[in-house]
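Chemist: I would like the entire structure built from these sequences, with the hints used as guidance.
Residue numbers (this note's numbering), protein chains in the order written: chain A, 1 to 439; chain B, 1001 to 1274; chain C, 2001 to 2404.
Hint data in this document are derived by calculation from the structure and do not stem from the laboratory.
Misleading hints may appear alongside valid ones.
[Claimed, not checked] Which stretches of chain B does chain A cover? Using the computed rule of at least three CB atoms under 8 Å from a CB of chain A, they are:
1) 1192-1204
2) 1253-1262
[To be verified] With a Cα cut of at most 30 Å, we get these calculated DSSO-like pairs of lysine-lysine:
3) A:Lys364 with B:Lys1108
4) A:Lys214 with B:Lys1105
5) A:Lys158 with A:Lys383
6) A:Lys393 with B:Lys1137
7) C:Lys2340 with A:Lys328
8) B:Lys1069 with A:Lys364
Predicted model only: the values in this text are computed from it and were never measured.
In this text, a Cβ means the ideal position worked out from N, Cα and C, and glycines have one as well.
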Amino acid sequence: MKQSDTIKESFVTDRRRLLLGVGAAGGAIAAGLTSAQAAGNAGAEQVTDAPVSNKMQERQPFHGEHQAGIVTPRPAAGMIVTFDVLAQTPRDVEQLFRTLTDRIKFLMAGGTPPAFDPKLPPSDSGILGPIVPPDNLTITVSLGDSFFAKRDWLAPLKPVRLSRMTGFPNDALDPALCHGDISLQICANTPDATIHALRDILKNTPDLMVVRWKQEGSVPVLPPKADGSHESARNFLGFRDGSANPDARDAALMDRVVWVRDGGEEPGWARHGTYQAVRIIRNFVERWDRTPLNEQQAIFGRHKATGAPLDGKVESDTPNYAADPEGKVTPLDAHIRLANPRTKGSEENLILRRPFNYSNGVSKSGQLEQGLLFIVYQADLEKGFITVQKRLKDEPLAEYLKPIGGGYFFTLPGVTNEDDFLGRSLLQAAGQIASGKKS
Amino acid sequence: MSFRTTFSAGAFALLATSSIATAAGVSPLDIVKPVADYKIFVSEKLEKLVADTKSFTDAVKAGDLKKAKALYAPTRVNYETIEPVAELFSDLDKSIDSRADDHEKREKDPDFIGFHRIEYGLFSQNSTEGLAPIADKLMTDVTDLNKRVKDLTFPPDKVVGGAAALMEEVAATKISGEEDRYSHTDLFDFKGNVDGAKKIYDLVRPLIVKDDGKFVAKVDANFATVEKTLAKYKTADGYESYDKLTEDDRKVLAAAVNTLAEDLSTLRGKLGLS
Amino acid sequence: MIKKMSAPVSQPAGPKSPQPPSAKLMRFAVIGAGVLVLAGIGVFYWASLQTTRGSADNAVLVTIRNGACEPNEMTVPAGRNTFKIVNQTERAVEWEILDGVMVLEERENIVPGLSQTVTTKLPVGDFKITCGLLSNARGTLHVTPSTESQAEAARPALVAFIGPLAEYQVFLAMQAGALVKATQALDAAIQAGDLEKARGLYEAARLPYMRIEPAAKRFADLDNVIDPVADYLAKREQDPGFVGFHRIEYGLFSARSTDGLAPVSARLVADVTTLKDRIGTLRFTPDQIATSAAQLVTALADTKIPVGEEHYAQTDLTDFDANIEGVAKMMALLKPVAEKAAPKVVAEIESKLAAVRGTLKDLRKPDGFPPYTSISGESRKLLAMQMHALAAAIGKLNAAVGLA
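Modeler: Shown next as structure tokens:
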């Protein structure tokens, strides 16, 4: 324990030294952390001074047709935490939803928490200071299959594709890391903002839900490019992840790929919601680091340095599999080729990936517990994640992966205005069923 | 004359190709013999696995708990030795050698079968009850594996890569004693994995010893460390329980095995196979 | 490199037997030796062989005159090409094909008034030609794709052959092991003087040898003591060189006695054991699989089928069947590598192989193959014809996958 503290400590100081060295303009802004004050009088900073960031006031809108945190560009810190919900009755469930709505609205906006009598515990953990900065926070609320299954009055309203995640052939699922009645995806510029948000929610809902499991993750930060363009972040295998993600700025495309729309088989209340699949995928990083580069690239189907497909030059190039039917350039079982074969009809299986890397400690064998907190959104769970994952069944990459946890959830529609709250359409639909039965 | 032409042309093509094939001057054809010898080695181990599994499963089915317990580790060690090949058949690997944590309901999962399910019955529940169908299935799977391997043309990169893969296996799962968690016969498996890796390494060693003396000396030394350390735990009919492994020896093994995994991972590259 | 090529297979020397071996055996021996020598000498020998062969009729004629070559611009198909260079100037000149600054081929010191031929294997591309004096304008050589170059482009990487070659070695090792075991059993029956048992074991002992004959034949010294046929020995059955399987066959089936066979079978056990050890050191190159298979099938058609080898036991059809089993194994091993580059040739081999096997199957009776004497001339002719067709199909394989 002591050792890891030292490591963390030295990382912090190193980072600061780096920032100071590079100056405010270059790497500092890129890292989301600037040091205007320090740039002026570098020598004045103390060892334990807080690193500073000029991004703490970044704010995502809470209100909207859809919840935030899905098509929102992914910040550096992310977390999935799931809960078992104690609230059983419509009244208690509504209270839970309303409480979550209030807390998320406040946390995403930032502000000053109410001051209580000092004889009482304070209303806020205070870890971000007396005034809570928004820090680009989003909290996305989704419901698991069990949330509906355990409540008769909700069971008829379960989204049609929502199911309890079952293991795939390469999985070694740990029951302690699977499923949940509710999942919260909490994202922000810094991990401290996600931790602050989680503690706020726990403090406000102790009688309504209890934590089941939690996994935090991060995204490696890059310096800004001179031409203003962006590239995908890298996973812990060193490869760009998300290169072929559908364009989240394209609203029409998102309507097709991500959002549940009217007119399908889904219950009406689910409109503007989406399916969230979460997987905790352990990577055998030591073994990976001992794999020849050629093989790593053949396994992924991309060049490691650039992220370009094997038949391309830059990351944004589209691989031409039709010209390579035997897999001489991009092996037929390469990860990107199996995941998205780019054949006619395979656009049905598009999914919006929003993963984070995680690093947890050390296994019993003394190996690093690292991997991918895989999060993906799609309008149809079957056609999306489940189909894609089935295609990946025999991929060579599987040798370096072990999925150990996760679950399937349905992300609630957004909160459109001050009178609205999370889950309102669901509770209203349940109310209609109940009153229909009574009359 | 026509024969001469054919053969000489062949020789020409060969030289032309081999000169660009590898950095270390190893011709792909040099790898034919090691691959052939490895297949023969694997075939012999599989014959033994089939025969030993027969005795083992017979004991399980006869309800002879003591005998079944005694035969468990020496039977599966054959499998552990040839794991790089056995793993090529993922369906059989799962049904023969999956561990409880590979299944959602752990020990209670109906898909949890094979060696470790029998191990669980014999050593954790101390009984052969209900194990007969699992023993039958194991026997069928092992026989099937033998047949499939016979028909398999060994992919050379899997053979050469197998040396490192076995060490990775030890480093990732065996060094912690979580593989044979009910019987604590991990050192047996450990020995099988090491023997399997050493066999592959020994087969290709002559191809690299001249150009890469330093590498060979280092790998030799690490294998010797592992073997010397394991030898301390040798008993008349096998190996001591994993509990007996001292923390110091565990660290020595872990370091040597990780270094072997690191070094052996370069074998394919050295031989021009990656 | 050259040294490496010569290594393991070069030890079998010429026949030790005082008697000259049969013409057929000689041929195998010569081929064997040829392979070894060539493999050993490698490229150098290849190059010299080519220059002597270079006086090809369809050579491209290039005349060097003062100031330029005629023609100064040429187009040839990729692959082997022969150029005849005639020096019509007053000075000794040189002629070179250049790939950028690299010399692909050159002839120096071409004497005035005389000519030289250059045979070289050219890849697809455009090349420059130096023509006599360096001050002369350079010529251009366009090399266009050809069937040969396309086959080469489709040639599987050498590493693709490792698996099949290894698998063939495993097959050889297994069969050699079986050969030793079965020969030991035969020997035990002979040593015990058990004629009936020995007769029953003869065929089984021979089959593994037939299956690996393409490899076994490469050891001429051993083949001459394991498998000589009396027809090719000066004193036939009375010849001191008449040992091995057929000597035993002669005793068991013609003399109907084990008398005098004990030392012969003891030696046979020793010889097949030596063979088993040597097989382990044998190194096949990818092209040798098809070449040696085609040779065996040709020998079947030319010699074995017309004359037969099992004169006393009449079990020739069983031999043929085992021979073909071995050939089929070789082809099956090459198939995954050859299929992409040469689908037609692979299909042709398979169909010819099926024809041969079909005929053999038709000749087979419920209790096994009938004595060879009972097989009609027509049937033999048909079988020989089908064998020829099979040999021809196999003969196309190396070229089709760019190995020739």
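Chemist: Where does the structure disagree with the numbered hints, that is, which hint numbers, in rising order?
Modeler: When the structure is compared with the hints, only number 1 turns out to be violated.
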